[in-house]
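Chains as they are written, first to last, in the numbering used here: chain H, 1 to 247; chain A, 1 to 490; chain U, 1 to 246.
No lab work stands behind these hints, which were simulated from the structure alone.
Mixed in with the good hints, there may be bad ones.
Here are the simulated lysine-lysine pairs, DSS-like style, with alpha carbons at most 27 angstroms apart [to be verified]: (1) U:Lys-158 with A:Lys-330; (2) A:Lys-330 with A:Lys-176; (3) A:Lys-479 with A:Lys-376; (4) A:Lys-47 with A:Lys-175; (5) A:Lys-434 with A:Lys-376; (6) A:Lys-376 with A:Lys-330; (7) U:Lys-158 with A:Lys-355; (8) A:Lys-434 with A:Lys-479; (9) A:Lys-47 with A:Lys-238; (10) A:Lys-434 with U:Lys-182; (11) H:Lys-139 with H:Lys-151; (12) U:Lys-8 with U:Lys-133; (13) A:Lys-330 with A:Lys-238; (14) A:Lys-355 with U:Lys-8; (15) A:Lys-60 with A:Lys-175; (16) U:Lys-182 with A:Lys-376; (17) A:Lys-330 with U:Lys-133; (18) A:Lys-355 with A:Lys-467; (19) A:Lys-60 with A:Lys-176; (20) H:Lys-139 with U:Lys-158; (21) A:Lys-355 with A:Lys-274; (22) U:Lys-243 with H:Lys-139; (23) H:Lys-224 with H:Lys-182; (24) H:Lys-113 with U:Lys-158; (25) A:Lys-154 with A:Lys-176; (26) H:Lys-113 with H:Lys-182; (27) A:Lys-154 with A:Lys-175; (28) A:Lys-355 with U:Lys-133; (29) H:Lys-182 with H:Lys-151; (30) H:Lys-125 with H:Lys-139.
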Amino acid sequence: MLKIENLHATVAGKPILNGLTLTVPAGEIHAIMGPNGAGKSTLAYVLGGRPGYEVTEGSVTFDGRDLFEMEPHERAAAGMFLGFQYPVEIPGVSYLQFLRESLNSQRRSRGEKELSGAEFIRLSKDKAALLGMDAEMLKRPVNVGFSGGEKKRAEMVQMGIMDPRLAILDETDSGLDIDALKAVGAGINSIMRAPDRSVLLITHYQRLLDYVTPDAVHVLSRGKIVRSGGPELAHELEREGYAEAAA
Amino acid sequence: MNEEVVTNREAREALAKDYEWGFSSDIEQEFAPKGLNEETVRFISAKKGEPEWMLEWRLKGYRAWLEMEEVDWAKLTIPEIDYQDAYYYAAPKPKPKLGSLDEVDPEILRVYEKLGIPIEEQKVLAGVEGARKVAVDAVFDSVSVATTFREELKAAGVIFLSISEAIREYPELVKKYLGSVVPQRDNYFACLNSAVFSDGTFVYVPEGVRCPMELSTYFRINAENTGQFERTLIVADKGSYVSYLEGCTAPMRDENQLHAAVVEIYAHEDAEVKYSTVQNWYPGDAEGKGGIFNFVTKRALCAEARSKVSWTQVETGSAITWKYPSCILKGEDSVGEFYSVALTNNYQQADTGTKMIHIGAGSRSTIVSKGISAGKSNNTYRGLVRVLPGAENVRNFTQCDSLLLGSECGAHTVPYIEVRNPTATIEHEATTSKISEDQLFYAQMRGLDTESAVALIVNGFAREVLKQLPMEFAVEAQKLLGISLEGSVG
Amino acid sequence: MTALPTRKLEAYRYADIDALRDVWDGLAQPDEVKIAAQQRLQQIWLPSGDEIDIRRVEMVVAAGAVVRIFALNNASRYGRYEIDVTMHEGADFALFGANIGGGNSTLEIVTTLKHVAPGATSHQTIRSVLGDKATGSFLGRIEVAREGQQTDAEQSVKAMLLDRGATANAKPELEIFADDVKCAHGATVGELDRNQLYYAAARGLDPVSARALLLEGFVGGLWDEIEGDDQGIAEMARVALRKVAA
Numbered sequence: 001m002l003k004i005e006n007l008h009a010t011v012a013g014k015p016i017l018n019g020l021t022l023t024v025p026a027g028e029i030h031a032i033m034g035p036n037g038a039g040k041s042t043l044a045y046v047l048g049g050r051p052g053y054e055v056t057e058g059s060v061t062f063d064g065r066d067l068f069e070m071e072p073h074e075r076a077a078a079g080m081f082l083g084f085q086y087p088v089e090i091p092g093v094s095y096l097q098f099l100r101e102s103l104n105s106q107r108r109s110r111g112e113k114e115l116s117g118a119e120f121i122r123l124s125k126d127k128a129a130l131l132g133m134d135a136e137m138l139k140r141p142v143n144v145g146f147s148g149g150e151k152k153r154a155e156m157v158q159m160g161i162m163d164p165r166l167a168i169l170d171e172t173d174s175g176l177d178i179d180a181l182k183a184v185g186a187g188i189n190s191i192m193r194a195p196d197r198s199v200l201l202i203t204h205y206q207r208l209l210d211y212v213t214p215d216a217v218h219v220l221s222r223g224k225i226v227r228s229g230g231p232e233l234a235h236e237l238e239r240e241g242y243a244e245a246a247a
Numbered sequence: 001m002n003e004e005v006v007t008n009r010e011a012r013e014a015l016a017k018d019y020e021w022g023f024s025s026d027i028e029q030e031f032a033p034k035g036l037n038e039e040t041v042r043f044i045s046a047k048k049g050e051p052e053w054m055l056e057w058r059l060k061g062y063r064a065w066l067e068m069e070e071v072d073w074a075k076l077t078i079p080e081i082d083y084q085d086a087y088y089y090a091a092p093k094p095k096p097k098l099g100s101l102d103e104v105d106p107e108i109l110r111v112y113e114k115l116g117i118p119i120e121e122q123k124v125l126a127g128v129e130g131a132r133k134v135a136v137d138a139v140f141d142s143v144s145v146a147t148t149f150r151e152e153l154k155a156a157g158v159i160f161l162s163i164s165e166a167i168r169e170y171p172e173l174v175k176k177y178l179g180s181v182v183p184q185r186d187n188y189f190a191c192l193n194s195a196v197f198s199d200g201t202f203v204y205v206p207e208g209v210r211c212p213m214e215l216s217t218y219f220r221i222n223a224e225n226t227g228q229f230e231r232t233l234i235v236a237d238k239g240s241y242v243s244y245l246e247g248c249t250a251p252m253r254d255e256n257q258l259h260a261a262v263v264e265i266y267a268h269e270d271a272e273v274k275y276s277t278v279q280n281w282y283p284g285d286a287e288g289k290g291g292i293f294n295f296v297t298k299r300a301l302c303a304e305a306r307s308k309v310s311w312t313q314v315e316t317g318s319a320i321t322w323k324y325p326s327c328i329l330k331g332e333d334s335v336g337e338f339y340s341v342a343l344t345n346n347y348q349q350a351d352t353g354t355k356m357i358h359i360g361a362g363s364r365s366t367i368v369s370k371g372i373s374a375g376k377s378n379n380t381y382r383g384l385v386r387v388l389p390g391a392e393n394v395r396n397f398t399q400c401d402s403l404l405l406g407s408e409c410g411a412h413t414v415p416y417i418e419v420r421n422p423t424a425t426i427e428h429e430a431t432t433s434k435i436s437e438d439q440l441f442y443a444q445m446r447g448l449d450t451e452s453a454v455a456l457i458v459n460g461f462a463r464e465v466l467k468q469l470p471m472e473f474a475v476e477a478q479k480l481l482g483i484s485l486e487g488s489v490g
Numbered sequence: 001m002t003a004l005p006t007r008k009l010e011a012y013r014y015a016d017i018d019a020l021r022d023v024w025d026g027l028a029q030p031d032e033v034k035i036a037a038q039q040r041l042q043q044i045w046l047p048s049g050d051e052i053d054i055r056r057v058e059m060v061v062a063a064g065a066v067v068r069i070f071a072l073n074n075a076s077r078y079g080r081y082e083i084d085v086t087m088h089e090g091a092d093f094a095l096f097g098a099n100i101g102g103g104n105s106t107l108e109i110v111t112t113l114k115h116v117a118p119g120a121t122s123h124q125t126i127r128s129v130l131g132d133k134a135t136g137s138f139l140g141r142i143e144v145a146r147e148g149q150q151t152d153a154e155q156s157v158k159a160m161l162l163d164r165g166a167t168a169n170a171k172p173e174l175e176i177f178a179d180d181v182k183c184a185h186g187a188t189v190g191e192l193d194r195n196q197l198y199y200a201a202a203r204g205l206d207p208v209s210a211r212a213l214l215l216e217g218f219v220g221g222l223w224d225e226i227e228g229d230d231q232g233i234a235e236m237a238r239v240a241l242r243k244v245a246a
């Protein structure tokens, strides 16, 4: 599904990713952990095509297609979903309208039929319920007045609505309490566990991995993957910290 | 800190004394004949021994002035000015010789006391006969002090002279920059000024030099002779820094009703100029009669990349003030700042503000204007922030606050925001307030009488601006605000 | 008939004088509207569809009356909405206006609010979105007389430029003679938030749609307080935005 080869990237001229290589096969959930400043978010943004992040070397293929040939909105239409660490607020634009237009934009470019207003409301209600979120909240402007936990939950609702093939979740667990964490974990499991889907879970702490068991865990340090292993690696990191593993 | 205050005062005194003797005095006629015509202009130029090119420049200005129309859009009520009914040149004349402080207007004396000006200096300022000599000799060793400052400047390569001297000693420099920031035809009063300017300051700071001390007009201008048409030119070469102070807190009394000064600042790459003004024009009587009309064109050209000019002003008094220190932000990433406190009382009128013209990409400007109105006065902020189409990524922040003391005054804000580039970020905020009963009560409970309480609150209101001033000026300015508010409350 | 104004006249500082000249002679006198005490009035100003669209109103709002005006200024050549309001004791006036234009249009909203009595409230919310070589201006003068104690007058003016060549002007003016008042105004000119644009792109919105959606959000909220039928103003604004953002 996702093949990253020798990826080098800079932010404001500063090199952050220094030869990152990683493969996430379809049907698998991979976790990326690492100390702060290692480049975890940078990886997410580079994959998401965020302006300000420059790829200086390397390649990424998504479903066999060259990722960097695609604009961000094309990547979304191709089935990539980026869960933001800090979801942005958009006053004046209701969540429902925002998501409906986004989804229909994707469907249009895939040659699929667009959803009507009523159809979309039904879809969003379902997904909200799945994540334990009150659907009324979607009538509000995007993320305005949402607590940190509510924002993350709303990201997951979005993921449910978009139904992506690859989800890249950037520290989706940060700032969540136990209930929210559970709901997010359940959401990831129910939406993304399938043979034709994959998840790249970027996380600093191991907690989320109690609810979402990864198929592989990688340690990202100083812009490279320095170690890979099974789910037990996460526990080891929790116990010993990053210094050891990164050494 | 107090020591510093005295020392600077001493220095000012000493140097002023020196310059006074420096004026050429071999001319019999003291006044140009009344009125303004080409003869007057020639007379002035001859008086100053100016080279031909300077006379030509003046004449060009005079001829242009004849064709111009006076602008009259401010909220001010300007009485008709009869330009023919004025003397355009008066030799540096001594103040009327007074026998002693007893003959000085008690009002003025009271202000001096409140400002903490030592008696000897009061005598000097008031023009008491024989005062100068006494002050200088008795209090300190003037010659050595003056010498020290002069030597320091010389060692640094900083040129700091009267503009008349500069025209004679550094004609190429003056020619290069004079009128480069405020062209003759810029506006009516600047045009008039270019024809008949009598004196002013010239400063040149060479490349990479950080001027070792704050330059003050006091160093140079004899306190007795405030020019009516002053022309100041400050040039900061690449990477240099200079801080310039203009004004004085003691009330500037002047028979000259019309003041039309021009201040030009030219900042090269990476240069920084800080221009601070604390002005307290004697406002005449409580009816506002006999006050001064103060029309000043002050402009800075941030000509090259990363140049920076800050204007800081504290204005009180003056029957009518009309000045808009401005910055033309031509250089990339250049910075313009304007910090102002304008306080009006009694029948005073102030119409002041700034213009920030953004031409260079990445240029930034900050405007903080605090207007305090009391009595029956009117206080107007008039500002312009303009972003030209080619100016990418411009940032401006403007904060305009008005404080009204009492219900008979007026506070007005007239901001113009004109943006022609989509990447600009412009923010403008304005608030209007009065001193709340709670604030007054709180201060009074702490033992302050009403007047002191008001002064305290007003200073707090103005603090953001006051802290931009060089320390010595800040202290004087605070006192000045307090004094100017007298009679405004209760 | 009074003479054609020039740009030297403050109120016409940003006007399209040529366009004004074309219609000046036939221009009707300003509408005089008197709102009686305690009365409520809501007006929705839709663009007339003419390329030159000038609307002038002089309102006197009697004590305790409430006035709401929702205005969309979108003329293809020159649109000028002029509102002169005198507020009596305890009157409540609010204006929600949008200048949305592209091409070479000149759009302006010019208001004068006179608080001549105590306790009146006025709120003006103006949003401008200009593309191509359009010019959008707001000149809002608030006059608080000596008798206007406890006035609450607010102006919130925001403009967004989409193309180099477009111009936004704002002159939120205050003339205040009473001290116990709340008169605050804020004016900003800026561009679409880049983070918001990226968020929309990451969710699949193509750039044109993203811009249009965010612009809608920028203008949106202006029409929220309309009571009853909005006469299509929200939809018209949406269509105008899409046209400008394209």
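Results of checking the hints against the structure:
{"no.": "1", "hint": "U:Lys-158 with A:Lys-330", "verdict": "holds, 26 angstroms"}
{"no.": "2", "hint": "A:Lys-330 with A:Lys-176", "verdict": "holds, 18 angstroms"}
{"no.": "3", "hint": "A:Lys-479 with A:Lys-376", "verdict": "holds, 22 angstroms"}
{"no.": "4", "hint": "A:Lys-47 with A:Lys-175", "verdict": "holds, 19 angstroms"}
{"no.": "5", "hint": "A:Lys-434 with A:Lys-376", "verdict": "holds, 15 angstroms"}
{"no.": "6", "hint": "A:Lys-376 with A:Lys-330", "verdict": "violated, 40 angstroms"}
{"no.": "7", "hint": "U:Lys-158 with A:Lys-355", "verdict": "holds, 21 angstroms"}
{"no.": "8", "hint": "A:Lys-434 with A:Lys-479", "verdict": "holds, 21 angstroms"}
{"no.": "9", "hint": "A:Lys-47 with A:Lys-238", "verdict": "violated, 35 angstroms"}
{"no.": "10", "hint": "A:Lys-434 with U:Lys-182", "verdict": "holds, 9 angstroms"}
{"no.": "11", "hint": "H:Lys-139 with H:Lys-151", "verdict": "holds, 14 angstroms"}
{"no.": "12", "hint": "U:Lys-8 with U:Lys-133", "verdict": "holds, 22 angstroms"}
{"no.": "13", "hint": "A:Lys-330 with A:Lys-238", "verdict": "holds, 15 angstroms"}
{"no.": "14", "hint": "A:Lys-355 with U:Lys-8", "verdict": "holds, 19 angstroms"}
{"no.": "15", "hint": "A:Lys-60 with A:Lys-175", "verdict": "holds, 14 angstroms"}
{"no.": "16", "hint": "U:Lys-182 with A:Lys-376", "verdict": "holds, 20 angstroms"}
{"no.": "17", "hint": "A:Lys-330 with U:Lys-133", "verdict": "holds, 24 angstroms"}
{"no.": "18", "hint": "A:Lys-355 with A:Lys-467", "verdict": "holds, 22 angstroms"}
{"no.": "19", "hint": "A:Lys-60 with A:Lys-176", "verdict": "holds, 17 angstroms"}
{"no.": "20", "hint": "H:Lys-139 with U:Lys-158", "verdict": "holds, 24 angstroms"}
{"no.": "21", "hint": "A:Lys-355 with A:Lys-274", "verdict": "holds, 17 angstroms"}
{"no.": "22", "hint": "U:Lys-243 with H:Lys-139", "verdict": "holds, 26 angstroms"}
{"no.": "23", "hint": "H:Lys-224 with H:Lys-182", "verdict": "violated, 30 angstroms"}
{"no.": "24", "hint": "H:Lys-113 with U:Lys-158", "verdict": "violated, 37 angstroms"}
{"no.": "25", "hint": "A:Lys-154 with A:Lys-176", "verdict": "holds, 22 angstroms"}
{"no.": "26", "hint": "H:Lys-113 with H:Lys-182", "verdict": "violated, 34 angstroms"}
{"no.": "27", "hint": "A:Lys-154 with A:Lys-175", "verdict": "holds, 22 angstroms"}
{"no.": "28", "hint": "A:Lys-355 with U:Lys-133", "verdict": "holds, 24 angstroms"}
{"no.": "29", "hint": "H:Lys-182 with H:Lys-151", "verdict": "holds, 15 angstroms"}
{"no.": "30", "hint": "H:Lys-125 with H:Lys-139", "verdict": "holds, 11 angstroms"}
In this structure, the hints that do not hold are numbers 6, 9, 23, 24 and 26, in rising order.
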